[in-house]
Each structure stands twice: as C-alpha cells, then as structure tokens.
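Heads up: the protein sequence lines correspond to chains D and R, in order. Convert by adding 565 to the 1-based position in the first sequence; the result is the number in our numbering. Convert by adding 13 to the 1-based position in the second sequence; the result is the number in our numbering.
Hints are computed from structural coordinates only; laboratory data are not their basis. For clarity, every value in this text was computed on a predicted model and none was experimentally measured. All residues carry an ideal CB built from backbone N, CA and C; glycine is no exception. Please note that the accuracy of each hint is not assured.
[As the list claims (entries may be wrong)] To give an idea of the chain R side of the interface with chain D (calculated C-beta under 8 Å), a few residues:
#1 TYR61
#2 TYR77
#3 THR112
#4 GLU114
[Stated by the list, open to error] Restricting the straight-line Cα-Cα distance to at most 27 Å, the calculated cross-link-like pairs of lysine-lysine (BS3-like) are:
#5 D:LYS643 x D:LYS661
#6 D:LYS635 x D:LYS661
#7 D:LYS668 x R:LYS22
#8 D:LYS661 x D:LYS620
#9 R:LYS57 x D:LYS661
#10 D:LYS620 x D:LYS668
#11 D:LYS668 x D:LYS643
#12 R:LYS27 x D:LYS661
#13 D:LYS643 x R:LYS57
#14 D:LYS668 x D:LYS638
#15 R:LYS57 x D:LYS635
#16 R:LYS70 x R:LYS22
#17 D:LYS668 x R:LYS57
#18 R:LYS57 x R:LYS22
#19 D:LYS668 x R:LYS27
#20 D:LYS635 x D:LYS620
#21 R:LYS57 x R:LYS27
#22 D:LYS620 x D:LYS643
#23 D:LYS668 x D:LYS635
#24 D:LYS638 x R:LYS57
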Amino acid sequence: AQTVTQSQPEMSVQEAETVTLSCTYDTSESNYYLFWYKQPPSRQMILVIRQEAYKQQNATENRFSVNFQKAAKSFSLKISDSQLGDTAMYFCAFMKPPGTASKLTFGTGTRLQVTL
Amino acid sequence: NAGVTQTPKFRILKIGQSMTLQCTQDMNHNYMYWYRQDPGMGLKLIYYSVGAGITDKGEVPNGYNVSRSTTEDFPLRLELAAPSQTSVYFCASKGTSNTGELFFGEGSRLTVL
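Generate the whole structure from the sequences, applying the supplied hints.
What follows is the structure, given as structure tokens:
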C-alpha cells in the first residue's frame, strides 16, 4: 500500500516571501501521479498542481512549483511571492495511474499561515 | 456548472440513528469516491466506485454502505451512527482523462451526539 508523509504540521511565512512544503511517499510503482491540494477555511478541496512520475521536468503553475525527486520519493511544493489568500491546509496526495482504481492517498496535511 | 453536489452540508445525529449522504455529479464521470476527514487530519477513503453497479471498500468502510445505481449518484449510508463517525465527508468524482484530477464536493459536516 502507498503511504504519504507530510512532516510539517504547521508553517508560517510572511507575505511576498517564499515557502517550501515537504512531502515524501512510499510506493513500489514506477508510474504514478502526485498532487498538491489546497483546502482553505471554506473547506473546498482545490487542486494546486500535479506531477506525472514519468516526466522528469518539474511542474509549475504560476507561483507554485514542485521539486520532484523520484529516486528519493520526495515531492515538495514551493510557493513564491506568498499571498494572504494562500493561507490554507495543503495536502500532498498520491495516485496510481488511470486504468487502476485510481484511488487518491492523502498525507496528513500542512497548515500554512501567511502573515503581513 | 454544478460539478459534484453533496447534501446535506450539515447534520447532527443521535447515536444509533441512520442517515444517507447524497452525492451527485453532472460530468458523466465513471469514478466516484467517498472520503472522510477527521479534525486536523488528511482524507481517508471510505468507499469508491468505478462505474454504475460496481462498488468497493476503501481504507475505512466499517459502519458505512454505498450503492451506485446510476452514473450520476453515489449515496453513502450510515447505519447506527456512532460518535466515531463525527467527521467531514467529501464526495469526489473523476473522469477517464489522463489528468488524474479528482473533483470534490463542498463537504458534509456530520456530528453524532
């Protein structure tokens, strides 16, 4: 079974600064997907960024980027130019590729607080 | 666009009562899921379905039942509610594209007293 570990329960960053959230996972699969989801106080689950394991290039979405280290099974999220609206819980998640049951396995989350 | 719709958004139950959380999606997605999120924790999979008529257990299925009679609907039934089932419940769906993205409902907060 796959496991996802987020070792930082809480983090804080000042507005306009950069912060990196850590995630490690364990799997015997060679192809899979990794995700970062954001959950603001509204409770809605919002996809931030995704990475396909067979792609060596790190995914980027505007101010959000990942550092994907497949051999180390590490998948960190970097948020640049942090904004107050980035305050939320962030969940790292793992999925075996489509064609299987495609179940999403979540980490326990990192609570990010962006301050003035 | 409606996406994934869950009802009710909030509910308080007494121990031993039963209820059904409704979930419907209008994206013609084959895959549907029920997760629960306990305070300060990540989401854990309760049940999932890969298509109408097919359901399977996830990580924490005890105390729950599901059915999938149509592509659109995936209700979650709680029988004999217990305080341990106090949680926020999320329904999600996924299509057959290669993005792997799950689309989530807004969640249902259930309290069992």
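Hint by hint, here is what the structure shows:
no.: 1; hint: TYR61; verdict: 6 Å, holds
no.: 2; hint: TYR77; verdict: 16 Å, violated
no.: 3; hint: THR112; verdict: 7 Å, holds
no.: 4; hint: GLU114; verdict: 6 Å, holds
no.: 5; hint: D:LYS643 x D:LYS661; verdict: 23 Å, holds
no.: 6; hint: D:LYS635 x D:LYS661; verdict: 14 Å, holds
no.: 7; hint: D:LYS668 x R:LYS22; verdict: 24 Å, holds
no.: 8; hint: D:LYS661 x D:LYS620; verdict: 15 Å, holds
no.: 9; hint: R:LYS57 x D:LYS661; verdict: 16 Å, holds
no.: 10; hint: D:LYS620 x D:LYS668; verdict: 20 Å, holds
no.: 11; hint: D:LYS668 x D:LYS643; verdict: 25 Å, holds
no.: 12; hint: R:LYS27 x D:LYS661; verdict: 38 Å, violated
no.: 13; hint: D:LYS643 x R:LYS57; verdict: 25 Å, holds
no.: 14; hint: D:LYS668 x D:LYS638; verdict: 19 Å, holds
no.: 15; hint: R:LYS57 x D:LYS635; verdict: 24 Å, holds
no.: 16; hint: R:LYS70 x R:LYS22; verdict: 24 Å, holds
no.: 17; hint: D:LYS668 x R:LYS57; verdict: 10 Å, holds
no.: 18; hint: R:LYS57 x R:LYS22; verdict: 19 Å, holds
no.: 19; hint: D:LYS668 x R:LYS27; verdict: 31 Å, violated
no.: 20; hint: D:LYS635 x D:LYS620; verdict: 10 Å, holds
no.: 21; hint: R:LYS57 x R:LYS27; verdict: 23 Å, holds
no.: 22; hint: D:LYS620 x D:LYS643; verdict: 18 Å, holds
no.: 23; hint: D:LYS668 x D:LYS635; verdict: 20 Å, holds
no.: 24; hint: D:LYS638 x R:LYS57; verdict: 21 Å, holds
Of the numbered hints given earlier, the model fails hints 2, 12, 19; all others are met.
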